[in-house]
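As they're listed, the protein sequences go chains A and B. First residue of the first sequence? That's 4 in my numbering, and the numbers climb one at a time after it. First residue of the second sequence? That's -5 in my numbering, and the numbers climb one at a time after it.
Rather than coming from a laboratory, the hints here were simulated on the basis of the structure. Idealized CB from N, CA, C, for every residue including glycine. A hint or two may mislead.
[Stated by the list, open to error] Derived contacts from chain A toward chain B, CB cut-off under 8 Å, selection only:
| no. | residue |
| --- | --- |
| 1 | Pro69 |
| 2 | Gln365 |
| 3 | Leu369 |
| 4 | Ala371 |
| 5 | Phe409 |
| 6 | Val418 |
| 7 | Leu428 |
| 8 | Asp483 |
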Amino acid sequence: MLTTLVAVPLLGAIVLAVTPGWSDRLVKRAAVAVAAVPVVLVAVVVAGFELDGPSFQFVVDVDWIPTLGVGWRVGVDGISLALVAVTAVLFLAVIAYPEDTRGMSRQYHGWLLFLEAVSLGLFVTLDLVVFYVFFDLSLVGMYFLVSRWGHQDAERAALKFFLYTLLGSLSLLLGILALGLAMDPITFDMRAIIEAQPLAGAAAAGLVLLAVLVGLGIKTPVVPFHTWLPAAHVEAPATGSAILAGVLLKMGTYGLIRIPLEMMSETFQRYAVWVAVVAVVSILYGALVAFGQDDLKRRIAYTSVNHMGYSVLGIAAAGGLLAGDEAARALALTGATVEMVAHGLITGSLFLLTGSVWRRTQEYDLDAYGGLSSTVPAMTTAMVLASFASLGLPGLIGFVAEFQVFVGTFAVYPVLAAIGLLGILVTAALFLQLLQRMFFGERTTRFEDLTDLDGTERTVLVGLLGLVVVLGVAPRPMLDLVHQATTLVTGG
Amino acid sequence: MIALLPLLPAVLGVATWASDALPSRRRPPPSALGVAATVGMLLTAAIAALVVTRDSTAVAALGAGLQVELALDPTARVMALLVPLVAAPVVGYAAVHEEGAGLPRLLGMLQLFVAAMLLLVAAADLLLLLVGWELVAAASWGLIGWEWRDASRPARAAHAFHATRAGTLGLFVAAGALFADTGSLAFSSVPDAGAGTLGVVAAGVVLAAVSKSGQVPFAPWLTSAMAGPTPASALLHSATMVAAGAFALARLEPLLAPIGWFGPVLIGIGLTTALAGGIVAAVRADAKEVLAASTSAQYGLMLVAIGAGHPAIAMLHLVVHAVFKSQLFLSTGIAIEAVGSRSLGRMRLGGHLPLAAWVAGIGAAALAAVPPLGAGWTKEEVVAAGAASGTVVAVLVAVAGGLSAYYATRLQLLAWGGDGSGPRQLVRRPRRSEHAATIALAAAGLLAGLLWVPSLGERAITALGGEPPTGHAWQVVLSLTLLALGGYGAWVVQQRGRIATVASTDVGHVADRWFGLRDLARVAVADPLHRSSAALARFDDRIVDRGVQLAAAAAEGASRVLRRTAEVRVDAVVEAVARATTGLATIGAGLAERGVDAVVGGVAVLVERAGDDARRVQTGLVHHQFTVIAIGLAVAVAAALVGR
């Protein structure tokens, strides 16, 4: 089942690559149809997932390089299943969303499907080497999306993104090798490594942890490893930004849960407070720098640093103790996971909206807009809803995540949690001001005849923001799923 | 059942708002919307009555070990009835008072506002309280910025949202502390918490309530909130939003009172705000802003009562205040529409609109706490309650009462005086339903005078779970004397013709700006925030990113050296891959060429380093690792192929 999940978009990508001559419309339809399959498959997996079953379910285990203990192992727990679900949904949304493909519709959709396969593969694999391969391949796909379909300075930004994050994955590779080689016999099976905790008490464990944290920290990104992010976002096409922020960043925080928290819990516990400090710095710094941006896309890009900071804070709190406060630590980790889902849906919507804005105005400068509310009411509604979701309004999914992160973290790091809370004040300020500058006040003469969102855009945004509302009002099914896994991880 | 309490107005609100999207010929007329909204609010009140009589509660598990609980205690019961009953005339008034496009949005948001407030009222745990708390703030944001074409209004709406969200952080902290200690968020688990936790919970709730109820130092946001349409102000200042702060304190007082500082801090903040707000209300030239400052002052009195251990009296004052303050806003709205301005200097409408003037006079008398109105009784009870905490408190409450008599009289004389100096012609005459709304509320205000009947007043207090304070005659004499002095003072100043111009004096100017609190918020919070975020944005671009670039350059140099010294075998693999990809890259034209080159170059360099590092880890296995990496690269190349 999970293998099919990965194979379908990959096959779709290959088919698109080798069949020239299809019309753009046909390509688009085919791509949407292919991207719809994983959504259906995920629904089947969610329906079949047993809440009182084992941690990893739908497991398939096939040897690949037995001498090294590498294999095609797939399986999901509540945490990865939530991420798989948001990945499948977001890719369908992005592939359906209109984007200027510059006459290369086949290649554009091919790359998106390739990225989807890679991303799904990363979240379902239970093998560290395969995880690493997908981690790297995601860079390749994103590199091409940014450099080919991005704005003026796209190539340089894409290259910076690629090299910077490749450096990160190299650092991660060192950690992965150390973990796998420390096993006897050598294996990269995640379940076995989690079970064995091979580096517990080892002299070099701290260094390995550092290598892994740097690698994942760059991908997430946390301050000060975040500067590739705004550059890539500003130049990327909106759909690429949506995937980059909505899916690729989660690979960092997901890795943080799987590797340091689960496989090196003792070592991680020793340094978790510093991870929490970095998270709080990211929360505040990301929000403040976002508030200082006058460019729509850069502003949203920096809020990712802020939001991923919440997620990292929750993970640090979950790993901050080896025993005790289980309920609070599980809550923090559930919050961290839900934050990834929330950020994927919300920031995905926000970036898709910037794409709609760009296609109509060729402008990202916040001062150039004003009073758009009267000409594009549907776009205004979508932006207001997405902004309030991002600033953590209750009733929307972002609040569910942030409340759990803060309340859960309070038991472990009360002072850091309280300082981090100031971040939600700044995000409120930056989003309300953004809305005010774009949509309210006097209408600028420059954009008097903008067209509002078209049917496709509306459908996609209603879908994404509908999930933001539904999961915000009735989070129970999602929380049950995630909490089952986080309770096991935190030893509750 | 109890879930219907917030749900019904929420559904009605969404439906009303959605009617905006109908094609214009099928859109219901404003009158129909107004009637529907009023009936909806009355229905909500009926549900509230049913919930109260049946004592309905609800519990729901949210997952992740969290659960939420709806239940009404005596304090909440009063609020659950008050909110829809005050809202009913307000929404009806809104439908005729505010014209044109956007009315469905306004009425819809007003009903959502009520829904959010009822959720807050029915909450029996900190999570739902926080949810309602924020939703009320969001609804206020929408209402204050309703006329968004004027850019200053959304900005003021944001001011209100930020000021109260700063307080919301307190609720987050309270929830975190309580959960860490007891593993629960329910109000009922507060007594299980340790002393330290209880202190943190109390501090969080006080911070939240003080900001919400427009107390010092957050008071100026209430002035900003005046940018909203008059019906929104009427609701925001009476039974929703601002009321949330005092309500939450009254609701939780029995749990938090064991904290030693809880009472004194509330009394201190309440008295400061009552006096400062009274002075601000006494000098403002804008009719709505006079009422805004008076709201802060009146909620100050409620905080004093709660701090003195008499939340029941605070709740009774809240109820009568809600009735007369919403009425005063609606009356003032009539005056504002009649002259087309909010400035008190242009009104004096008594000659033109005697009926409206008389009705407004009832509200003003209540604001001044004149016996035998209900507000007079609740204020005397606050004085008596304060006396238990010290004579000074009672005296200062009485002084604040004198101030309210002054500003209420001044407001009435300026807005509704009948000396013929008003405008020659009215811009707009009030509609019949506008009168009806104000009269209904004024009648309710008069009815509250029954509280003076000794047995009824005492029963009201005990019904709310309180005990009547033992007052002394000197307190009544003092407060009535000060009341008379205040009213007489306003009259005298008016006779000298200086009443509308106080704000132009130096002292008046300081008071007009909330004694510097508005500037303080700007200088101490808003400006540094803007400056630091701009500075950090520059720092991020110039310093953090530059460091990365320098590191990249250094790494590139280092890799070149490494590459020259690397083993032939490594080179061969890497260069084969590099040649293949470079070859592919040159086949097609297009932007990506240089990029692919660079990528491949980068990959090559880094693969070498990976190889090197890996070898150090485990020499014997290096070819296996290359196999794996080569497979990864092969897939990358294949991917590059696909992309062409």
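To see whether the hints hold, each was checked on the structure:
1. A hinted interface residue such as A/Pro69 counts as satisfied when its beta carbon comes closer than 8 Å to some beta carbon of chain B; here the least separation is about 11 Å, so the hint is violated.
2. With a least beta-carbon distance of about 19 Å to chain B, the hint placing A/Gln365 at the interface is violated under the 8 Å criterion.
3. Interface hint status for A/Leu369: violated, as the beta-carbon distance to the closest one in chain B is roughly 13 Å, over 8 Å.
4. With 8 Å as the threshold, the beta carbon of A/Ala371 stays out of range of chain B, its nearest partner Cβ sitting at about 15 Å, so the hint is violated.
5. Given the 8 Å rule on beta carbons, the hint for A/Phe409 holds: about 5 Å separates it from the nearest Cβ of chain B.
6. Interface hint at A/Val418: violated, since its Cβ lies 11 Å from the closest Cβ of chain B, which is beyond the 8 Å cut-off.
7. At a threshold of 8 Å, the smallest CB-CB gap from A/Leu428 to chain B is about 6 Å, leaving the interface hint in force.
8. Given the 8 Å rule on beta carbons, the hint for A/Asp483 holds: about 5 Å separates it from the nearest Cβ of chain B.
In this structure, the hints that do not hold are numbers 1, 2, 3, 4, 6, in rising order.
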